[in-house]
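Following the hints, position chain B against chain A.
Quick note, the sequences are listed as chains A and B, same order.
Per our numbering, the first sequence runs over residues 31 to 274.
Per our numbering, the second sequence runs over residues 782 to 1169.
It should be emphasised that the hints constitute simulated quantities derived from the structure, not laboratory data.
One or more of the hints may lead you astray.
Quick list of the computed label-pair ranges, beta carbon to beta carbon [unchecked claim]:
no. : chain 1 : residue 1 : chain 2 : residue 2 : range
1   : A       : ALA226    : B       : TYR1154   : 40 to 46 Å
2   : A       : LYS260    : B       : ALA1143   : 51 to 57 Å
3   : B       : SER786    : A       : ARG184    : 15 to 21 Å
4   : B       : TYR1154   : A       : GLU73     : 41 to 47 Å
Straight-line Cα separation of at most 30 Å, DSS-like style, residue types lysine-lysine; simulated pairs [said to hold, decoys possible]:
no. : chain 1 : residue 1 : chain 2 : residue 2
5   : A       : LYS205    : B       : LYS1158
6   : B       : LYS929    : B       : LYS913
7   : A       : LYS61     : B       : LYS1158
8   : A       : LYS164    : B       : LYS1079
9   : B       : LYS1079   : A       : LYS163
Using N, Cα and C, we set each Cβ at its ideal position, and we do this for glycine too.
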Amino acid sequence: MSGEKENGQKKSGHIIELRKVSKTYYRAKEKLEVLSDLDLDIEEGSFEALMGPSGSGKSTLLNIIAGLDSASSGQVNVAGSELSQMNDNRRARWRAGNIGFIFQTYNMMPVLTALENVELPLLLTGLPSSERKKRAETALRVVGLEGRSSHYPRQLSGGQEQRVTIARAIVADPKLIVADEPTGDLDRHSADEILALLEKLNKEFNKSILMVTHDPAAAERAKRVHHLDKGRLLETHEGSAPRA
Amino acid sequence: MRLSSIGVRNVARNKFRNSLTIVGVGVAILTFVLLQTVLVSWTSAAKYAAQDRVATRHKVSFIMTMPLKYGQEILQVPGVTKAMYASWFGAKDAKHENEFFATIAVQTATFFDVYDEIQVSAGEKQSWLETKKGAIVGDVLAKKLGWKVGDRITLQGTIYPGDWEFVISGIYSAKRRSIDRSTLFFHYDYMNDAIPLRMKDKVGWIVSRIQDPGQAANISTAIDRHFEERDIQTLSQSERALNTSFLGMVSTILKALDLVSAVIMLIMLLILGNTIAMGVRERTHEYGVLRAIGFLPKHIAGFVFGEAMFIGTLGGIFGVALAYPLVERGVGRFIEENMGGFFPYFRIEPSTVVAALVLSLALGFLAAGLPAYRAAKLNVVDSLRRVG
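Isolated chain A (complex conformation) (with noise of 0.2 Å):
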């Protein structure tokens, strides 16, 4: 692992350095290793994704990765920061400046427009009401919807929905990007528009996107795309998409 100490963060050209990551669960009393000794370096600006079987521990992995979880052992090292040393509200915060979330089902918050709903992050942040709005405006424009800011979850289709969570998901302007099949839920056309648009965030604004998909057609859009089994990582290959 390279980079040099400094104020508890870490500085490399990787966003994510994960060494000797373990995540064990024990039911009853048997123990279920979920992650073995995992190690996996992701660059800075890079489009990864991440594939395996149901049960592989993938969303485990992103969990871990986003600070959702904590590691059994191992160190795991996002943004600059090592995980594995904070406590859950640490955690929050850290979430909060650094990672954004993309899930499969978009839960947004139904009281709340679009802007309202991308706006959400930003009300831990301190700005003045005008800025964050501004941002959240600025978000919306980015995945193509600032004419549907006025508009309630209920008014939006499903490939709408899933863009206002990306634009909630970019709008504290996060180093890095998780992705937790953010296609499964929708048709074809709309898949390849979110798609389409997590590249233009990599690509135009340097954005790291990490993402868990079950889909082919999805992972050929990533620059890498690493295979995980019974909590292992099998193989990672080139994707698609141009290495930058």
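Here is chain B on its own, set in the frame of chain A:
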């Protein structure tokens, strides 16, 4: 948009369920307001009683009489400035057989000195003093029975049988809530001159004004000591003590009303808590998303508390909004007219409204306690796995 507004806006999510809950809280608050108004009204006679008045009655029971001359003798007790005797008459209006109201024969000469909170115009007062058959009636009673100044009425005596004719000389109101505005007062002499000899010159009670309210207990003792060696002994108490002792007799009822209020609030707390808990359970995945994007447990708890307290407050406002017209334009007047002896002033006190609104807010806060704790403690990963 503000963080604090999110909990409030969540109320709009399940409009039907939340509307029913708001109505439920409203009805509970309405019940609370009505019960509190009963309690406040019931205790107002003691609360607003004059502190410088001492009432003296027969030592054995208030239904037994004392000699008329006791009134003059009480004036000799140091500290007593004025005294007025009175007797319960007991009569009903043949035209309004079912309407009960108090009829009291009073010593007219000192009546207004002792009861200075009773207000009647100078002309009507003069007319009453000059008319032997004259009577003054409370404005509530006059309105109820349609009596006007100058009307001649005939009442049927229940203690002193026969038809008794009166002229309505005046209609009184009251400066303080200690006075029942549904009573008919008339000249003691009119009654005394007409009743059999064996009943003459006897009074039911004597009310004295004293110089120093702080000396009420001592003066009461002095009055009773004055008549200690007589055949008929007395029991004297300040008006407030008298009213309070009456309240003591019904304290069990008052406590029962308090208990009923508390039970209704407890039921409402559980209903509101259930509504909030259902909302939290339905939003588990959403709370997981919010936690994922950086919201802290305290934020999630804040959303739940905000929603519950908003529902509670809306319910409180709804309950008070129901109670006001109900009491002020309906029940209140009916009770004052028909049960003025117990509830001379049956109106909603501002303090009751404030208590109701604070209570509804507190209900919301308490109801949200457990759901908010559980929402704040949700595991992010587990929450995200939950669908719906």
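Consistency of the hints with the structure:
Checking the proposed 40 to 46 Å range against ALA226 (chain A) and TYR1154 (chain B) shows it holds: the Cβ atoms sit about 44 Å from each other. Hint check: LYS260 (chain A) to ALA1143 (chain B), Cβ distance near 54 Å, so the stated range 51 to 57 Å holds. Checking the proposed 15 to 21 Å range against SER786 (chain B) and ARG184 (chain A) shows it holds: the Cβ atoms sit about 20 Å from each other. Checked against the given bound of 41 to 47 Å, the beta carbons of TYR1154 (chain B) and GLU73 (chain A), roughly 42 Å apart, stay inside it.
Taking the CA atoms of LYS205 (chain A) and LYS1158 (chain B), the gap is near 28 Å; set against the 30 Å cutoff, the hint holds. Restraint check for LYS929 (chain B) and LYS913 (chain B): satisfied, since their Cα atoms lie roughly 18 Å apart, inside the 30 Å limit. For the suggested pair LYS61 (chain A) and LYS1158 (chain B), the alpha carbons sit about 25 Å apart, so the restraint of at most 30 Å is met. For the suggested pair LYS164 (chain A) and LYS1079 (chain B), the alpha carbons sit about 27 Å apart, so the restraint of at most 30 Å is met.
With a CA separation close to 24 Å, the supplied pair LYS1079 (chain B) and LYS163 (chain A) stays within the 30 Å bound.
Violation of the numbered hints given earlier is absent; every hint is satisfied by the structure.
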